[in-house]
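Q: Take a look at the letters that make up each chain.
Number of protein chains: 2
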Amino acid sequence: MNGENSALLTDLYQLTMLQAYHREGMADTATFELFVRKVPPNRNFLVAAGLEQLIEFLESFGFSDEECEWLGTLGYFTPEFIDYLSKLRFTGDVHAIPEGTIFFQNEPIVRVTAPLPEAQIIETRLINIVQLQTVIASKAVRSVLAAPGKLLVDFGLRRAHGAEAGLMAARAAYLAGFDGTSNVLAGKSFGIPIYGTMAHSYIMAHDDEADAFERFAESLPGNVLLLIDTYDTLEAAGKVVGLAPRLAAKNIVIKGVRLDSGDLAELAKSVRTILDDGGLTECTIFASGDLDEHELSRMLTAGAPIDGFGIGTRLTTSQDMPYLNCAYKLQEYAGRPRRKRSKGKENWPARKQVYRRYDDEGRMLHDVIAKDDEPGLEGEPLLRQVMAGGKRVGARETLADMRDRLRGQLGRLPHDLTLIEKSSAYAVLISDGLQRLVQRMDSAGL
Amino acid sequence: MNGENSALLTDLYQLTMLQAYHREGMADTATFELFVRKVPPNRNFLVAAGLEQLIEFLESFGFSDEECEWLGTLGYFTPEFIDYLSKLRFTGDVHAIPEGTIFFQNEPIVRVTAPLPEAQIIETRLINIVQLQTVIASKAVRSVLAAPGKLLVDFGLRRAHGAEAGLMAARAAYLAGFDGTSNVLAGKSFGIPIYGTMAHSYIMAHDDEADAFERFAESLPGNVLLLIDTYDTLEAAGKVVGLAPRLAAKNIVIKGVRLDSGDLAELAKSVRTILDDGGLTECTIFASGDLDEHELSRMLTAGAPIDGFGIGTRLTTSQDMPYLNCAYKLQEYAGRPRRKRSKGKENWPARKQVYRRYDDEGRMLHDVIAKDDEPGLEGEPLLRQVMAGGKRVGARETLADMRDRLRGQLGRLPHDLTLIEKSSAYAVLISDGLQRLVQRMDSAGL
Chain A
1 MNGENSALLT DLYQLTMLQA YHREGMADTA TFELFVRKVP PNRNFLVAAG LEQLIEFLES
61 FGFSDEECEW LGTLGYFTPE FIDYLSKLRF TGDVHAIPEG TIFFQNEPIV RVTAPLPEAQ
121 IIETRLINIV QLQTVIASKA VRSVLAAPGK LLVDFGLRRA HGAEAGLMAA RAAYLAGFDG
181 TSNVLAGKSF GIPIYGTMAH SYIMAHDDEA DAFERFAESL PGNVLLLIDT YDTLEAAGKV
241 VGLAPRLAAK NIVIKGVRLD SGDLAELAKS VRTILDDGGL TECTIFASGD LDEHELSRML
301 TAGAPIDGFG IGTRLTTSQD MPYLNCAYKL QEYAGRPRRK RSKGKENWPA RKQVYRRYDD
361 EGRMLHDVIA KDDEPGLEGE PLLRQVMAGG KRVGARETLA DMRDRLRGQL GRLPHDLTLI
421 EKSSAYAVLI SDGLQRLVQR MDSAGL
Chain B
447 MNGENSALLT DLYQLTMLQA YHREGMADTA TFELFVRKVP PNRNFLVAAG LEQLIEFLES
507 FGFSDEECEW LGTLGYFTPE FIDYLSKLRF TGDVHAIPEG TIFFQNEPIV RVTAPLPEAQ
567 IIETRLINIV QLQTVIASKA VRSVLAAPGK LLVDFGLRRA HGAEAGLMAA RAAYLAGFDG
627 TSNVLAGKSF GIPIYGTMAH SYIMAHDDEA DAFERFAESL PGNVLLLIDT YDTLEAAGKV
687 VGLAPRLAAK NIVIKGVRLD SGDLAELAKS VRTILDDGGL TECTIFASGD LDEHELSRML
747 TAGAPIDGFG IGTRLTTSQD MPYLNCAYKL QEYAGRPRRK RSKGKENWPA RKQVYRRYDD
807 EGRMLHDVIA KDDEPGLEGE PLLRQVMAGG KRVGARETLA DMRDRLRGQL GRLPHDLTLI
867 EKSSAYAVLI SDGLQRLVQR MDSAGL
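Chains as they are written, first to last, in the working numbering: chain A, 1 to 446; chain B, 447 to 892.
No lab work stands behind these hints, which were simulated from the structure alone.
It should be emphasised that the depicted structure is a prediction, and the values quoted were computed from it without experimental measurement.
The beta carbon of each residue, even a glycine, is placed where N, CA and C say it ideally should be.
Fair warning: there could be bad hints in the mix.
[As the list claims (entries may be wrong)] From chain B, some residues computed to sit far from chain A (all C-beta separations above 12 Å):
#1 N697
#2 A750
#3 P795
#4 D818
#5 G835
[What the hints assert, rightly or not] According to the in silico footprint, chain B covers these stretches of chain A (three or more CB under 8 Å from chain B):
#6 249-262
#7 325-331
[Unchecked claim] Calculated cross-link-like contacts (lysine-lysine; reagent style BS3-like; alpha-carbon spacing at most 27 Å):
#8 A/K391 <-> A/K188
#9 B/K789 <-> A/K255
#10 A/K422 <-> A/K345
#11 B/K685 <-> A/K343
#12 A/K343 <-> B/K786
#13 B/K596 <-> B/K868
#14 A/K239 <-> B/K789
#15 B/K701 <-> B/K596
#16 A/K343 <-> B/K715
#17 A/K87 <-> B/K634
#18 B/K786 <-> A/K269
#19 A/K255 <-> A/K150
#20 A/K340 <-> B/K685
#21 B/K715 <-> A/K340
#22 B/K634 <-> B/K837
#23 A/K38 <-> A/K345
#24 A/K345 <-> B/K701
#25 B/K786 <-> A/K239
#26 A/K255 <-> B/K791
#27 A/K345 <-> B/K715
#28 A/K269 <-> B/K789
#29 A/K188 <-> B/K533
#30 B/K789 <-> B/K484
#31 A/K422 <-> A/K38
#32 A/K239 <-> B/K791
#33 B/K685 <-> A/K345
#34 B/K701 <-> B/K685
#35 B/K791 <-> B/K596
#36 A/K269 <-> A/K255
#37 B/K685 <-> A/K150
#38 A/K340 <-> B/K701
#39 B/K786 <-> A/K255
#40 A/K343 <-> B/K596
Assemble the whole structure, with the sequences as input and the hints as a guide.
A: Right, here's the structure in full:
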């Protein structure tokens with residue numbers, strides 16, 4: 001199918017609008033911005049992600065001959081317009097806040113300046129790419145905050161929404177501070193550490209649980225993590241203790257056990273006691289099964305001796321908030337700011353920048369959204385140029401860079417924003433210049 | 447990236463288990479089944495979808511040389527195992543309930559019988575493929591039930607979770623009874639009707655709204671649907687009325703208007719009056735913006751004169767239930783039934799079939815889950831063989847077939863299950879033979 005590489009992965013209206021623009025000769029410079037209208041009620045902040053994939057999409061944007069031919073059969077488009085489409089490339093400039101940056105409502109996270117048709121035609125896939133990873137990174141970071149120092153692994157590929165969702169969720173979770181993923185392709189594609197050992201079916205395919213443990217350990221002696229909840233968790237923990245000396249004689253160490261059902265916190269305590277009493281004090285306990293940041297927080301508060309967590313479905317579907325109220329809106333065309341006034345969906349017009357200000361201790365104080373050309377604004381500008389004339393500007397960032405960036409920013413967040421519970425809102429101010437512009441436009445009926 | 451075609455789109459533990467099976471020579475016949483443990487609280491039934499993509503995946507399954515080479519660098523796998531992996535294909539049998547079939551908790555929807563390693567290695571992507579479309583079809587059908595006779599169009603690509611999610615959501619929604627999608631690639635890939643005209647940016651890029659309407663109509667004279675909420679919806683409706691005679695002189699008919707913000711039901715009433723008073727009684731009203739089945743039901747109950755709906759994000763993310771509690775579990779190995787007893791995750795063992803029974807009026811009465819070889823079961827068997835020896839059996843079904851199947855089944859559903867509100871549960875019985883088997887296994891401690 002290769003859908004992710006097709007320029008047809010778009011809404012029909014992008015093409016019908018483009019034909020109208022083409023017919024009208026409207027190709028002046030336009031600026032569109034992608035922003036999130038509101039930080040959702042169950043998030044205190046958002047984490048930008050997906051920019052790398054967006055740049056790759058824009059650099060390679062174009063319709064194939066076969067796609068153009070098919071479009072010609074629809075009856076909507078003139079041959080002359082199809083010919084124009086076949087040559088269309090993205091030649092614009094892009095500014096964006098770097099991946100791993102914390103951001104808030106109404107702040108432009110991607111700003112595209114290009115001839116109107118180019119800036120328009122990319123809308124659907126641009127949102128599709130950036131929203132997904134931003135949703136997942138913003139969810140994943142909450143587990144990172146809930147379980148400091150614990151091993152966190154993405155287990156969510158199977159119930160992610162398709163192939164790309166699984167792959168990009170692994171990337172976004174790692175960017176947000178996870179230690180790795182079970183997703184092998186994500187390991188290959190992005191260099192993310194991969195984790196995993198066995199499923200229940202492995203135990204069930206054997207006639208005897210202890211026998212299954214032993215055979216598995218012999219097959220993968222360097223990475224023995226045994227799943228102990230298929231039948232009776234505490235009995236299985238006893239079997240692990242019984243098996244350890246025999247494996248030790250073969251120089252095989254049981255690194256850990258995994259719990260995947262039942263009351264994980266209570267079971268972990270009992271299993272810890274069994275392992276410790278059996279001399280396996282170095283054997284770790286890893287938990288999985290319907291986990292999210294709230295479960296992690298609850299278990300760790302209850303003192304559960306769990307060393308790591310596999311977090312799956314609720315992470316990769318961002319179950320409690322599977323989308324963001326985001327929009328990619330025209331802010332300026334032919335040198336004039338533009339403003340949508342649809343009820344509840346008004347936008348801040350013009351080409352913009354976001355400035356972040358810190359207190360004397362380096363903690364984040366507030367952000368200011370301002371016109372890009374507005375003079376005298378203090379603070380750290382968040383948007384940087386990442387493409388010029390359709391080509392990447394500067395070096396490609398590594399995932400390690402992005403992880404470091406986010407880790408640094410988490411350390412500068414006001415404390416209550418780092419909690420799982422909803423905190424008071426972070427202040428996002430609108431600059432004087434931008435407020436004056438809106439007043440001027442509204443009073444002129446523009 | 448082409449992730450959807452890679453056998454590496456899997457969890458690492460599938461590979462580590464396979465190496466253990468390979469080392470132990472465990473390659474007897476295994477049967478795994480995919481089922482959903484519970485119908486979610488906000489669904490009355492589920493709709494099976496995604497089987498076609500699963501068959502395509504299984505028919506083409508295999509590791510490339512480059513993938514094998516990369517796996518060899520990880521340090522987990524022996525060269526001998528990698529060589530085995532490079533030759534691995536799926537050669538098994540698959541039974542499944544056809545796409546567009548209504549189903550309930552614990553009913554196997556896909557049953558795979560194959561040598562153990564083959565049946566195991568496909569697990570992650572099998573779930574990933576089938577769950578996504580089943581989630582979306584089960585969500586989409588609720589809008590179909592809430593708005594009978596209305597035009598329903600999927601608008602959700604931009605906030606779907608990536609490329610494959612957007613594409614497959616369009617397919618699943620169409621299968622469930624939607625009329626089409628805005629997703630151009632879905633139109634090309636699956637022959638789904640595509641819809642769409644203009645965005646707010648088109649209006650905003652023009653200096654005058656009425657001028658934008660006129661130019662657009664001239665560019666796409668056969669499909670004039672005008673977006674009227676960019677500034678003031680009622681004023682814009684007046685502009686449409688004013689424009690109509692001038693366009694009529696050019697033989698251009700305004701087919702409809704679209705509302706995308708504000709109180710859609712109230713606005714629709716006012717707009718209808720303006721259009722009717724202006725003689726545009728044939729001009730339809732189409733609504734979009736944060737819609738789902740509850741909004742549709744509310745607006746139509748309130749008598750909103752809306753002819754069609756564009757349903758986006760809440761559909762393609764299945765916002766209120768973005769995943770199913772589904773599992774793919776070993777049910778039989780080497781001729782012996784297998785049963786997981788993890789707390790809350792017990793499975794019904796053995797190779798199974800589902801029988802559906804109807805009352806005298808042809809309405810669905812209850813389903814029975816039974817052993818596949820259990821004699822004397824009455825009712826319509828739901829699982830059919832779709833693959834034999836790794837190859838498709840029978841003709842490829844069309845989306846039209848699947849739509850017809852679902853439409854027919856909706857007509858036979860008990861009435862309260864067709865409501866948006868939660869109904870009483872549909873009865874899914876467990877056959878005597880299956881119950882006896884479980885008692886036997888539990889008392890033998892198997």
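Q: All the hints need checking, so say for each whether the structure fits it.
A: The hints, checked one at a time:
1. N697: holds (17 Å)
2. A750: Holds, since 16 Å exceeds 12 Å.
3. P795: Since the minimum Cβ distance to chain A is about 9 Å, B/P795 lies within 12 Å and the statement is violated.
4. D818: holds (18 Å)
5. G835: Given a closest Cβ separation of 22 Å, the condition holds.
6. 249-262: Coverage by chain B holds for the region 249-262 of chain A (3 residues, Cβ < 8 Å).
7. 325-331: As far as the region 325-331 of chain A goes, the hint holds, because 3 residues have Cβ atoms under 8 Å from chain B.
8. A/K391 <-> A/K188: holds (26 Å)
9. B/K789 <-> A/K255: holds (24 Å)
10. A/K422 <-> A/K345: Between A/K422 and A/K345 the Cα gap is close to 24 Å, so the pair holds against 27 Å.
11. B/K685 <-> A/K343: holds (19 Å)
12. A/K343 <-> B/K786: Given that 27 Å is the threshold and the Cα spacing comes to 54 Å, the pair is violated.
13. B/K596 <-> B/K868: holds (23 Å)
14. A/K239 <-> B/K789: It holds: about 19 Å lies between the C-alpha atoms, which stays within 27 Å.
15. B/K701 <-> B/K596: OK: B/K701 and B/K596 at ~15 Å, within 27 Å.
16. A/K343 <-> B/K715: holds (17 Å)
17. A/K87 <-> B/K634: Distance ~20 Å between A/K87 and B/K634 Cα, so the pair holds.
18. B/K786 <-> A/K269: Cα-Cα ~23 Å, so holds.
19. A/K255 <-> A/K150: holds (15 Å)
20. A/K340 <-> B/K685: Roughly 18 Å separates the two Cα atoms, so the pair holds.
21. B/K715 <-> A/K340: Holds: B/K715 and A/K340 sit about 23 Å apart, inside 27 Å.
22. B/K634 <-> B/K837: holds (26 Å)
23. A/K38 <-> A/K345: holds (11 Å)
24. A/K345 <-> B/K701: Cα-Cα ~26 Å, so holds.
25. B/K786 <-> A/K239: holds (18 Å)
26. A/K255 <-> B/K791: Answer holds: A/K255 to B/K791 is near 26 Å, not above 27 Å.
27. A/K345 <-> B/K715: holds (21 Å)
28. A/K269 <-> B/K789: Given pair A/K269, B/K789 holds - Cα atoms ~17 Å apart, limit 27 Å.
29. A/K188 <-> B/K533: At roughly 20 Å apart (the allowed maximum being 27 Å), B/K533 and A/K188 satisfy the hint.
30. B/K789 <-> B/K484: holds (15 Å)
31. A/K422 <-> A/K38: holds (14 Å)
32. A/K239 <-> B/K791: With a Cα-Cα distance of about 22 Å, the restraint between A/K239 and B/K791 holds, given a limit of 27 Å.
33. B/K685 <-> A/K345: Holds: B/K685 and A/K345 sit about 22 Å apart, inside 27 Å.
34. B/K701 <-> B/K685: Satisfied, since the Cα-Cα distance of roughly 15 Å is no more than 27 Å.
35. B/K791 <-> B/K596: violated (41 Å)
36. A/K269 <-> A/K255: Answer holds: A/K269 to A/K255 is near 17 Å, not above 27 Å.
37. B/K685 <-> A/K150: violated (61 Å)
38. A/K340 <-> B/K701: holds (24 Å)
39. B/K786 <-> A/K255: holds (24 Å)
40. A/K343 <-> B/K596: With Cα atoms ~25 Å apart, A/K343 and B/K596 stay inside 27 Å; holds.
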